[in-house]
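With chain V held as given, fit chains F, A and L with the ligands onto it using these hints.
For the record, the sequence lines run as chains V, F, A and L. In terms of this note's numbering, the first sequence opens at residue 104 and continues consecutively. In terms of this note's numbering, the second sequence opens at residue 104 and continues consecutively. In terms of this note's numbering, the third sequence opens at residue 12 and continues consecutively. In terms of this note's numbering, the fourth sequence opens at residue 12 and continues consecutively.
Keep in mind that the hints were calculated from the coordinates and are not lab data.
The calculated lysine-lysine pairs, modelled on DSS-like cross-linking and capped at a C-alpha distance of 30 Å, are:
#1 F:332 / A:142
#2 L:289 / L:63
#3 V:332 / L:254
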Amino acid sequence: MVSLLDFESAELEAIRKRAHRDGIGGEQLDGALEARLTEIYRNLTPWQKVQVARHRERPYALDYLQWAFSDFVELRGDRRYSDDRAIVGGPATLNGRSVMVIGQQKGRDTRENIQRNFGMAHPEGYRKAERLMRQAERFGMPVITMVDTPGANAGLTDEERGQAEAIASCIATMLSLHVPTVTVVIGEGGSGGALAIAAADRILMLEHSVFTVASPEAAAAILWRDSAKAPEAAENMRITAQDLRSFGLVDEIIPEPEGGAHRDYPAVAKAVGDAANRALDVLLELSVERLLEQRYRKYRDISFFLE
Amino acid sequence: MVSLLDFESAELEAIRKRAHRDGIGGEQLDGALEARLTEIYRNLTPWQKVQVARHRERPYALDYLQWAFSDFVELRGDRRYSDDRAIVGGPATLNGRSVMVIGQQKGRDTRENIQRNFGMAHPEGYRKAERLMRQAERFGMPVITMVDTPGANAGLTDEERGQAEAIASCIATMLSLHVPTVTVVIGEGGSGGALAIAAADRILMLEHSVFTVASPEAAAAILWRDSAKAPEAAENMRITAQDLRSFGLVDEIIPEPEGGAHRDYPAVAKAVGDAANRALDVLLELSVERLLEQRYRKYRDISFFLE
Amino acid sequence: MKEIFKRHPRYAQAPQDFEALPDNLWIRCPRCQELLYSKEHEQALYVCSKCKYHASVSARERLAITLDEGSFSEHDAGMRSADPIGFRSSGESYADKLTKYTEQADANEAFLYGTGRIEGQDVVIGVIEFKFCGGTVGAATGEKLARAVELAVERRLPLVLVSGGGGMRMQEGIISLMQMAKTLAALDRLREESLPYISIMVDPCLGGTTASYAMMGDVNIAEPGAYIGFAGRRVIEQTMRQKLPQDAATAEFLLQHGMVDMVTSRAEIPSVLARLLKIYMAANPSRERHLVGQLA
Amino acid sequence: MKEIFKRHPRYAQAPQDFEALPDNLWIRCPRCQELLYSKEHEQALYVCSKCKYHASVSARERLAITLDEGSFSEHDAGMRSADPIGFRSSGESYADKLTKYTEQADANEAFLYGTGRIEGQDVVIGVIEFKFCGGTVGAATGEKLARAVELAVERRLPLVLVSGGGGMRMQEGIISLMQMAKTLAALDRLREESLPYISIMVDPCLGGTTASYAMMGDVNIAEPGAYIGFAGRRVIEQTMRQKLPQDAATAEFLLQHGMVDMVTSRAEIPSVLARLLKIYMAANPSRERHLVGQLA
Ligand SMILES: [Zn+2]
Ligand SMILES: [Zn+2]
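Only chain V is shown next, with the shape it has when bound in the complex (with noise of 0.2 Å):
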């Protein structure tokens, strides 16, 4: 049913040889298999990491939307040029409160790929974006991003209608809410087209997503001129949630059901819509004041310098 990634089938065909070797099947084999895949899991490398996070079958937005929130209602269109569909968004509920919810969003086969560009936003979706927590704001709902995109697109139409522009004012507006901002990296963090909408009070990720200043493939181009060495670019590079993690970057890791989100949409449905309610259930007891403010030291205070 899930499809495999080929470093999961190198790895359950080898036990598949052997099982059928010593004769083993049945349930033995479904156990071994599993057994495997777990551990196969807990020991994912970065660029294992990538893979998952990359994985065709992986919840995106749009599955959150469906399984962790309800009354989910999509507002589209920047009011200014364009819908961009690689960005989707609108107001819901979580666990009976009204928030905001914004995500990247990909396409699971070629025609919606098209449509959704792959989940690379053009400004129009940052300007989407912006308008969405400008009214969450007004209405005082709390605003929940969830990102995963691979960057944002770079087109000389984008140069043009403003990629720069559209990211650094997403950014800036999301900084400045005034209302809580949670952010749940769901699969790929790519870049400044991902920092746009992930500028908040509270970064979750999913244990197997990864966040970078540029894909593994771009970062390897740039540093090597050799995009085919992206795998060594994500060992380098400290990409996963759980480097992320240890800058202090991110506020809590959401552990992912046994082999992986897509594996079990409901589950990590679930896990993400209490983390993110949790998460609010903090913020919305601090003042505007208070919130500004720890938001500000979050941002301001990333350290890594010598004086």
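Same frame as chain V, now just chains F, A and L with the ligands:
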């Protein structure tokens, strides 16, 4: 030097002929011509006012910026899509006060009219205006706008980029600003495209300017399917500064030099600058609360209905 | 079907209207020419079963479609225009025309408003009446719009406006233009009170109507196929000197260009409204305002 | 010419740099290949007399061009990166590279800031140093940027930043990406204090630099011909699978597309800054804030 409008040349030619027949010339003739011109301008019909308001040598926004303001620095672009040259704006100094000036700008020759689109703004023009208004508010700078447009541009690409949204949003923003706003109608105030930057605390109109729900040509086309009946529409629709004053929609009529604004730039610029300045003197005395309340009532209390 | 339909079985005089055949049993769709059985067409809320053309409906029909049965209570039903500029055209005075419009539309103005309920939730609702002077906005229209907004503020209710029509009313000159500022000033107060405003745009929605209150919804909903724009098709064609593509400035075009949040069929609008109102009204703006206050 | 030029007669290692001929008397413009007399080129502020190409200048040269002579006082000159992710590439550690950059650029980071005067008006000014790791932004760069902004807030001075460079610094991974949020958070405070921020973008200005603080000026100024964008030419060409037009994403292109307020030649920038600072600082934001306070 100054080009004569048709109705001027007809009358003045008649005087010249009579003078020639009677052997009158020199200063005496000049005096007669000037007297007649003054008389003409004191008794302009609405359709004649339209022609004066559209006179190609009439001072435009940039002329007032040169003659009535100092230190003007033009700021360009909507930070979204384009820079619309049909609207100009930027910070300047008026009588020692820092102000934000925004004006519709026509072209004087074909080349410039193509660049300025005959003063008909695209959505990005209104979005630039909105950006500058918000900036002015942030810096506590009063906003002074100058209206001079046949109307907003009406093409399919304008619909695509949201001409209606741009105008609505610009009016709404102007109405919500926490700084004083003064509008001077310097020429043609055409329809929603003019109102977009005219929803001010004080609306001043030059003596021979007009402000219409639709240009006389458009109104004639809509009402009688015959745009040649524009003069009739102009008579019928009460579009002059004096009409608007009689409805209480305009706060002050700024007298023009004898023979119209186009005959004396420094004089009319001084009159406009002084009038705007006097309006600001009063408005700057108000608390923001009073300012907003007065502004609300100004538009909210427009009556002319029965119940 | 809701009872009110029976009192208003047909609607009249819109430019693209369904043509009733002599026996009144059948009508013809103006878009696709399909013959439709009148009764069924009524039950389909005047949406063509073949091409889904959403024909214009009267204000009262719209209310019946949108609100819980019997929940509507109208305000300021008697308000009417005062002919502010004494307009005359081809020998006929606008004042006389107003009398005609009133008879034609069985309404005193192109807009009516009041309170009602949508799936049990209280709202202030205002709807356009196309039959009155093409749904254009004059001084009385604008006053009623502003009062509708103020009523929402006063009662802390959400606002739903169904907007359309030909824009500002020429016959009231500059007074009508100023209604754009008047309605937007009122909406700004609604915004400051953090009350939601849902705008529903129906065919056709033009000029100063679109360029003021109609486009400024917190949520903008458009009916399928509705022509929504700043300029009418004819004006744009003159500007461009070429024929417009069929879908230009339709609801679907606007959705693609980011101007409306959704294109929703007439039958589904009430449930979408109910869902939106539930979420927005459950939000807690007072907390926000309170805490922002602490900041100062 | 200002004295500082004599101490830094040439500048180095920018990708499109003027090529010094062996005798050091003549150099060649990298854009139009014109041979230029070094002395004259210096006096022209390193702008090619033929094609007006604005070559990159060092941070100190930039300060000399922009500020009143002798008015600059640097802050945090010693701050440097801590190699947050322990990055190694091809056997070489980033920590070692940092030492090299420091030597090459004669600076501890890709950005320096402090206070100075422009035509007598006090400002906080920060400028990019391209020679340090291509002007990319790491943790120390971001910290200095944030401190520059906070210094402006603290002293109630206007902020002028001269920005450029390759964007976020790969070698500091996610820490560098977060500098976008850090600098924008600081700028938000400047905004709230109603102090003006004037951004000057110079060739090249790319990636996260453009997509954060550089693009957010109250006034955005670009030097002629500067490449300013989110993505570099190479990336866009890969995305588009075709060569870019020559003027794509240049300062002039951005002006046309509404992203910058003006394209201003290097020599004219100081007087434009002076004029802008005069108007903005003469405005009266405290009145606004005070009265807004009364509203709450
Ligand atoms: Zn049909
Ligand atoms: Zn050259």
